[in-house]
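Listed below are the residues making up each chain.
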Amino acid sequence: MKVRSNLAVSEDGFVFDPKTGESYTVNEVGISVLQHLSRGTQIDALVDALEKEYDADRYTLEKTVGDFVQMMKEYNLLDHE
Amino acid sequence: MEKKRFERPIITKLNTGMPNKIGLKTEYQPIRSIDGVAVKELIENYGSPVYVISENTMRSVYRQAYQAFSTRYPKIQFAWSYKTNYMDAVCKVYHQEGSWAEVVSGFEYDKAVRNGVPTEHIIFNGPDKSIEDLEKAIRNKSLIHIDHFDELYTIIGLCDRIKERPQVAIRVNMDTGIYPQWTRFGFNYDNGEAWDAINRIMISGKIDFIGLHAHIGTYIMSANAYRIAGNKLADLAVRTKAKYGKAVSYIDFGGGFASKNTLKGAYLPGTDTTPSFDEYADAITSSIINSEIKPEDMPTIVLETGRALIDDAGYILGTVLANKRMADGTKTLIIDVGVNMLFTSFWYDHKITPAQDFSHHTESAKIYGPLCMNIDVIREYADLPPLKKGDQFVISRIGAYNMTQWMQFITYRPKIVMIDQQSKVHVIRNNENLDTITQLEKVPEHLKSIKK
Ligand SMILES: Cc1ncc(COP(=O)(O)O)c(C=O)c1O
Numbered sequence: 001m002k003v004r005s006n007l008a009v010s011e012d013g014f015v016f017d018p019k020t021g022e023s024y025t026v027n028e029v030g031i032s033v034l035q036h037l038s039r040g041t042q043i044d045a046l047v048d049a050l051e052k053e054y055d056a057d058r059y060t061l062e063k064t065v066g067d068f069v070q071m072m073k074e075y076n077l078l079d080h081e
Numbered sequence: 001m002e003k004k005r006f007e008r009p010i011i012t013k014l015n016t017g018m019p020n021k022i023g024l025k026t027e028y029q030p031i032r033s034i035d036g037v038a039v040k041e042l043i044e045n046y047g048s049p050v051y052v053i054s055e056n057t058m059r060s061v062y063r064q065a066y067q068a069f070s071t072r073y074p075k076i077q078f079a080w081s082y083k084t085n086y087m088d089a090v091c092k093v094y095h096q097e098g099s100w101a102e103v104v105s106g107f108e109y110d111k112a113v114r115n116g117v118p119t120e121h122i123i124f125n126g127p128d129k130s131i132e133d134l135e136k137a138i139r140n141k142s143l144i145h146i147d148h149f150d151e152l153y154t155i156i157g158l159c160d161r162i163k164e165r166p167q168v169a170i171r172v173n174m175d176t177g178i179y180p181q182w183t184r185f186g187f188n189y190d191n192g193e194a195w196d197a198i199n200r201i202m203i204s205g206k207i208d209f210i211g212l213h214a215h216i217g218t219y220i221m222s223a224n225a226y227r228i229a230g231n232k233l234a235d236l237a238v239r240t241k242a243k244y245g246k247a248v249s250y251i252d253f254g255g256g257f258a259s260k261n262t263l264k265g266a267y268l269p270g271t272d273t274t275p276s277f278d279e280y281a282d283a284i285t286s287s288i289i290n291s292e293i294k295p296e297d298m299p300t301i302v303l304e305t306g307r308a309l310i311d312d313a314g315y316i317l318g319t320v321l322a323n324k325r326m327a328d329g330t331k332t333l334i335i336d337v338g339v340n341m342l343f344t345s346f347w348y349d350h351k352i353t354p355a356q357d358f359s360h361h362t363e364s365a366k367i368y369g370p371l372c373m374n375i376d377v378i379r380e381y382a383d384l385p386p387l388k389k390g391d392q393f394v395i396s397r398i399g400a401y402n403m404t405q406w407m408q409f410i411t412y413r414p415k416i417v418m419i420d421q422q423s424k425v426h427v428i429r430n431n432e433n434l435d436t437i438t439q440l441e442k443v444p445e446h447l448k449s450i451k452k
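Here the protein sequences come in this chain order: A and B.
Note that the first sequence covers residues 1 to 81 in the working numbering.
Note that the second sequence covers residues 1 to 452 in the working numbering.
So that you can see chain A by itself, here it is in the shape it has in the complex (with noise of 0.2 Å):
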């Protein structure tokens, strides 16, 4: 699963679709799941980074990620492998 490479992500949280012109807002979380996205990194490995960082229950982080993967596939943003 990887974030569509053209998409444009800001330092602080704002990311733009110029395939349809729309654009997001991301908290501080979420930027650091895009960029671990855009680099490739797999979903587990993910959630061990968040782990170590954060002060979160490796559940809630599954959880709350897999939440945000699904809605970043909603609004379009990911890779269709």
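Treat the hints as calculated values from the structure; they're not laboratory data.
It cannot be assumed that every hint is accurate.
[To be verified] Derived Cβ-Cβ restraints for the label pairs, each shown as a range:
id: 1; chain 1: A; residue 1: A49; chain 2: B; residue 2: Q422; range: 23 to 31 Å
id: 2; chain 1: B; residue 1: Q29; chain 2: A; residue 2: G66; range: 26 to 34 Å
id: 3; chain 1: B; residue 1: G390; chain 2: A; residue 2: A49; range: 42 to 50 Å
id: 4; chain 1: A; residue 1: K73; chain 2: B; residue 2: S359; range: 22 to 30 Å
id: 5; chain 1: B; residue 1: G329; chain 2: A; residue 2: D79; range: 18 to 26 Å
id: 6; chain 1: A; residue 1: G66; chain 2: B; residue 2: I375; range: 23 to 31 Å
We put the CB at the ideal spot given by N, CA and C, even for glycine.
Let chain A serve as the given structure and place chain B with the ligand on it in line with the hints.
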């Protein structure tokens, strides 16, 4: 190294050019404490959910309201509307501030007496007063507001038996230019029924006719409606004086001032649209001052303000139970506060604020209570920072009607605490338990054992 606080990752589509409905960009701050007591601590010590009442807010709002009227008119009397919130501790705060009691049932009447309110300072409203209620109120010289002709004739009948003169007012309904018109209660002004009632009372010779009352509705957004009501009530007072030489001693404008809550479906938040106490006071007092009532006959203005006094002082604190994404992509939040504890969520888009820090990012979510029912929706749509299981929140402005219209359903009703002016927390109503709920039940002998 200390780990960072985790906020659920969210992505939100920006709708450029489309103003955010209700303008609820979360530029507000988290509510971490109420009157100096941490929300976290309140939940830890008293459970989740828990109702919280701020004595400080109660008193300061009351004083603002009183001042708005008393600076414009010399004789002002508030009467606390028991149905709005009849927790004893709540009523007593208002009674300490000088409020009389306004009750609408035998139960509320007895509660007011037990709270120490002098019986001649209890206003007895409503269409449902039993014979016993009326007898008691007559003997106690309470202020009986007659709702309909049947009640009037019952009172006249009672006069022969009880050797006391009932102290009465009539409730008047009328067109004040607002919709809906509450014509169900009292006697109509516009078709002459109210004047008819006054004449029947006066010629009975057995009753002291001392006041006029109108409660034109609730959450009245137009201060001018009260001006119209005042004009009509003053007209009745003037005609009574002209015909019988008798001046009424008070004119009671009922309740109905809007609180700062946002009505469901309103485009602008209530904080922007609700008239101030000053605006209501201006309309009401000028309708009496500028009437034909003679200066020596100026009546006391009585106010039965409910929600506008107590709403801001009440909170319910709770905890997020779960997050869900519906099949259609709608984000939903399940919280431990259901509509049975927050009856007013049928009327209002209550403000929900996280109790912990959050970023400026928000997403829209539908908020459900924990009841296993479809109607259990606290907010159809709220822009909130991403909350996760276990996060705590504060629902504000819930002081009116929730602690009286609540329903016990599938679980126990929680504690109510009051924070006093020294930030000391007092339980003013305990949570229910299996015993308190079942103590009135009786099981027939043949069902005592479930063995066949
Ligand atoms: C007779 C009477 N007085 C006062 C009130 C209090 O009204 P509010 O809470 O709108 O001020 C009510 C409420 O319905 C009422 O029926």
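These are the hints, each one checked on the structure:
A beta carbon spacing of about 48 Å between A49/A and Q422/B contradicts the range 23 to 31 Å that was offered as a hint. Separation of Q29/B from G66/A is about 31 Å and conforms to the stated range, judged on CB atoms against 26 to 34 Å. Evaluation of the 42 to 50 Å hint for G390/B and A49/A yields a failure: the beta carbon distance comes to about 22 Å. Between K73/A and S359/B the CB atoms are about 23 Å apart, so this pair conforms to the stated range of 22 to 30 Å.
For G329/B and D79/A, the Cβ-Cβ distance of about 20 Å falls inside the hinted range of 18 to 26 Å, so the restraint holds. For the pair G66/A and I375/B, the beta carbons lie near 30 Å from each other, so the given range of 23 to 31 Å is met.
The structure fails to meet hints 1 and 3 from the earlier list, while all remaining hints are met.
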